[in-house]
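These protein sequences, in sequence, are chains A and B.
If you're matching positions, the first sequence starts at 1 in this note's numbering and goes up one per residue.
If you're matching positions, the second sequence starts at 106 in this note's numbering and goes up one per residue.
The set of hints was computed from the structure by calculation and includes no laboratory data.
Every residue, glycine too, gets a C-beta built ideally from N, C-alpha and C.
Below, computed lysine to any residue pairings styled on SDA-like, alpha-carbon distance capped at 25 Å:
#	chain 1	residue 1	chain 2	residue 2
1	B	Lys248	A	Arg30
2	A	Lys13	B	Met286
3	B	Lys248	B	Ser169
Stretch-level coverage of chain B by chain A, calculated; a stretch enters the list once three of its residues show a Cβ under 8 Å from a Cβ in chain A:
#	region
4	260-272
5	275-282
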Amino acid sequence: MSRPALAAGVAVKVGTAEPSTHCRTPHYLRGKHGVVVRTLGRYPNPEALAYHKPGLPPITLYQVEFDAAEVWGERLREAPYRITADIFEHWLEPAVPDSGQGNAA
Amino acid sequence: MSTHDHGDHVHPEHGADDPHAPIDDFDHYRPESLLMEQALRELLMEQGVFTAEDIQRQIDLTESRTPALGARVIARAWVDDAFRAALLADAKPALGSAFELDLANTPELTVLENTQAVHHVVCCTLCSCYPRNILGIPPAWYKSREYRSRVVIEPRSVLKEFGTELPAQREIRVVDSTADMRYLVIPLRPQGTEGWDEERLAALVTRDSMIGVAQALVP
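All chains, please: the whole structure from these sequences, using the hints.
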């Protein structure tokens, strides 16, 4: 965890890993671009806790906001709205703004 | 014996299919999940991890937390700007001191305020995370696959099914509590409640309005 904490407003991309083990990153948000809303504190890693390991050092948890259009693409059925989810730091990478695609910020 | 006596009335003997059959309480068939829970509980008690008394105390504590507590919190937030600010900034300490609640061993909590611009609705797509430390046991629908899967992809339709129609320009923010943080919503204070005291206001705050699938009742 040498990476500095992500600040509110930073554009991020959720990881695309497909672990077969327990994790708290919903499938529907994998690989999606969002923006950090706030830091929610540091918690033992649930991916280790689930297997009776201490999950330390704790990992920073972020509330991340996504545009529904970014999440659902063509499957979007309703007027624009936003979704927030709480994602652990090791699932987030700073998003390189690529000509605004998927990056509302 | 072909009948049995309940003191004030008598039932003819009946099979389990009879609509008047006594409640079975899994006497004849225990689902695997119940057996597993019982086995795990008894093992943990045998190993001294906790006692039967600990379990009872936890059940009592859980049952003491009901939406009525949440309603008092919201009513206070509506009338007391300083409390609302403290609640939004750091919920657990604000609640602990204002309502003498021991929240030390309960999950973290963030309070979100609905406004004319933004409406929050809370869910947990991964399981059933819920602010139990304030609202108690979640309703069955909150844990259902239908709610959890649909609210993130068609929130306006889901809200409509709860009888909640929001102005088109009000932005919806679906809050998926996927990890260690729990969320409680402060609904919009209804119009026509100016000068009301907390007790009167609390009667307008429903459980569903604190989850965000409904708005507070209109007087």
